[in-house]
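> Protein sequence lines, in the order shown, are assigned to chains A and B.
Residues in the first sequence are numbered from 1 upward in steps of one, following UniProt numbering.
Residues in the second sequence are numbered from 1 upward in steps of one, following UniProt numbering.
Hints should not be assumed to be uniformly reliable.
One copy or any two copies: either way a pair holds, since identical chains are not told apart in the list.
Below, in silico cross-link-like pairs of lysine-lysine (DSS-like), each with a Cα-Cα straight-line distance of 30 Å or less [what the hints assert, rightly or not]:
| hint | residue 1 | residue 2 |
| --- | --- | --- |
| 1 | Lys5 | Lys210 |
| 2 | Lys320 | Lys5 |
| 3 | Lys210 | Lys252 |
| 4 | Lys252 | Lys269 |
| 5 | Lys252 | Lys138 |
I should point out that these hints are in silico values taken from the structure, not numbers from a laboratory.
Number of protein chains: 2
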Amino acid sequence: MQKNKPCIAIDAMGGDFGPSVVVRGALDALRSDELKVILVGREAEIRAELEAANARDADVEIVHAEQVIEMQDKPSDALRRKKSSSIQIAFRLVKEGRADGVVSAGNSGATLACGMFTLGRIEGIDRPALAGILPTEKKPMVLIDVGANVDCKPHNLVQFALMADVLARSVLGVAKPRIGLMSIGEEEGKGNYQVKLAYDMLRKSSLNFKGNVEGRDVFTGDVDVVVCDGFVGNVVLKLSEGLALSLGRLLKRELLAGFWSRCGTLFSKGALRRFSRRIDYAEYGGAPLLGLKGIGIVCHGASNAKALNNAIHMAATFVKNRSNDHLLQELSVNRDLVQYRRSVQSSSASAVKKLDDPLDIDAANLANP
Amino acid sequence: MQKNKPCIAIDAMGGDFGPSVVVRGALDALRSDELKVILVGREAEIRAELEAANARDADVEIVHAEQVIEMQDKPSDALRRKKSSSIQIAFRLVKEGRADGVVSAGNSGATLACGMFTLGRIEGIDRPALAGILPTEKKPMVLIDVGANVDCKPHNLVQFALMADVLARSVLGVAKPRIGLMSIGEEEGKGNYQVKLAYDMLRKSSLNFKGNVEGRDVFTGDVDVVVCDGFVGNVVLKLSEGLALSLGRLLKRELLAGFWSRCGTLFSKGALRRFSRRIDYAEYGGAPLLGLKGIGIVCHGASNAKALNNAIHMAATFVKNRSNDHLLQELSVNRDLVQYRRSVQSSSASAVKKLDDPLDIDAANLANP
Chain A
1 MQKNKPCIAI DAMGGDFGPS VVVRGALDAL RSDELKVILV GREAEIRAEL EAANARDADV
61 EIVHAEQVIE MQDKPSDALR RKKSSSIQIA FRLVKEGRAD GVVSAGNSGA TLACGMFTLG
121 RIEGIDRPAL AGILPTEKKP MVLIDVGANV DCKPHNLVQF ALMADVLARS VLGVAKPRIG
181 LMSIGEEEGK GNYQVKLAYD MLRKSSLNFK GNVEGRDVFT GDVDVVVCDG FVGNVVLKLS
241 EGLALSLGRL LKRELLAGFW SRCGTLFSKG ALRRFSRRID YAEYGGAPLL GLKGIGIVCH
301 GASNAKALNN AIHMAATFVK NRSNDHLLQE LSVNRDLVQY RRSVQSSSAS AVKKLDDPLD
361 IDAANLANP
Chain B
1 MQKNKPCIAI DAMGGDFGPS VVVRGALDAL RSDELKVILV GREAEIRAEL EAANARDADV
61 EIVHAEQVIE MQDKPSDALR RKKSSSIQIA FRLVKEGRAD GVVSAGNSGA TLACGMFTLG
121 RIEGIDRPAL AGILPTEKKP MVLIDVGANV DCKPHNLVQF ALMADVLARS VLGVAKPRIG
181 LMSIGEEEGK GNYQVKLAYD MLRKSSLNFK GNVEGRDVFT GDVDVVVCDG FVGNVVLKLS
241 EGLALSLGRL LKRELLAGFW SRCGTLFSKG ALRRFSRRID YAEYGGAPLL GLKGIGIVCH
301 GASNAKALNN AIHMAATFVK NRSNDHLLQE LSVNRDLVQY RRSVQSSSAS AVKKLDDPLD
361 IDAANLANP
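Bound conformation, chain A alone (with noise of 0.2 Å):
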């Protein structure tokens, strides 16, 4: 839809505090952005809670939804069995036209699963992904796949790449955002099959390809994208946010003999875990999920009204942007790569090492450890 203002379809039973952070959360959204919101939940719930705000006559529209999906719940389960869960509800407003997009700190499984199958895909995209939004030593930067796709083939990667563009544009502000590639080794050839053959179609692409990057180069700020499969991504975003609190109660033991320093550990440990909440979604709120038809927001569950007026906003921002109609355009431009095509992959396979030979080591591709 989207006329004047954006519309964004608040999950409100989601999250770990349910409605009271959710719906202050909204009004915050409202007072401080030019957007349109749809409370989804138990609409007496709601109304207390708008009520104990003291924003009974709030402009915001309640849509009611009686049931809720629990953070227990199975995705598959969620998707079959509770057909009107605030979460169902919500995306069904996208696709009815009535919202843009769906913000939700529920259980996320279920809000990727929902988004899937409710919204549909964007023409061109096959998966879509969920992005990381990560804090570096300079500027943010999103990490894609970080874990809607664990197998991957390399269009996929492709596409990926493609959608982290068009986010880093709308939403970091990045004019002309540097991709990434996650491999093992700097130089062209380094990494396993599936990312040789995408670092070939990124090359060839419209993008600000900058190559493979290693894990060493993630948080440094160099490049504004990383690209990988929902595996690897996965790995990294929970890695990340483990070492920095492994590393804040390491300080703190290794520390916390000397007089001088104990003061400064206790600004050190809090600062590691700040970044470790950083990761952890709380700076942009939430995980946009990609390729749909409208825009999906997987917030934490433990969000507060801050993380996800955060979100709302970054929904509402993705939505005005009109970036789903540039990512349309960048698919277009790079129609040639983002497909699926069998004999690409043969006759870049040469060059890959073949799986079935056990020793078949390709010595000049060994990883430099």
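With chain A's structure known, arrange chain B on it following the hints.
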């Protein structure tokens, strides 16, 4: 070989500092451990270093090697064109039964390639793997593979687990190593194609298999071994190293304002840099290349004498504990699991996402981001 004392062939020409550091590391190892060393490289240079260290009469054998593999040499070229290089000759000594293992701080890709091609594999191991020994919040743990095999099949991961199990027993002294499989969720059924099948095989094995671990569990120290393919392992290794450095720089910037914290920051940044170095092989001196008839230890180019001493000690411990004999036993106990069988794969394949079907997302399997 191995009669009484293990004998380690040392690439005297490897590393950024050449024979000066390597010879000192070898002399330190001789003093602190029951072992023999053979220094392989240009004899005159080695003798000069022994002289400089007042160790002209030290009980070391020297085997002359005319050629030196440079850091920038391609492994495949090094293998083909530098047949009388110190690295190749060191591995040949093991092949001929004159030594039990090799330690090199030279070109790591070339060391891997020479090790694999010269020594050959232990029966039952299709793909030798490179193990990293990483610091955690508790004790050190083994990450395998960190870059030798970027495209793996499930049975390769099982072989990696068996090799790492033996390493953790023999070198880290863990009685019954807890084995974790790197994935994107703890529950069975999470992961990509390769990991789901490997889970099933590891569960049936004789190993102390603890199930899946996520990125955030790597540094808590709750498992002794984390198993993954060489692409994921290399990303984990370099990401951890890089993130520790990035966090050190971020902390410095964030905290430099306050006086109280400035003192602590110096400590924190130093500690984070030390952590990054420990990931980077310093603690245990090197990354063992497992699965060969013999052992190879790949050291970092910037290794100092202490790191080389540690690496030589690790190689000697591995040999003394007859680790490869134990590996053969483990392989025989798990014979049915470590062989590639297409039938195993197809029978489980129904549980696994079909890769050619674009939106066949298995909703129950979506990663909880």
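> For every hint, state whether the structure bears it out.
Against the structure, the hints:
1. Lys5 with Lys210: Classified as neither; 36 Å inside a copy, 51 Å across copies.
2. Lys320 with Lys5: Intra 8 Å, inter 73 Å, cutoff 30 Å: intra-copy only.
3. Lys210 with Lys252: between (38 Å within a copy, 29 Å between copies)
4. Lys252 with Lys269: both (7 Å within a copy, 13 Å between copies)
5. Lys252 with Lys138: both (26 Å within a copy, 14 Å between copies)
Violated hint: 1 only; the structure is consistent with all others.
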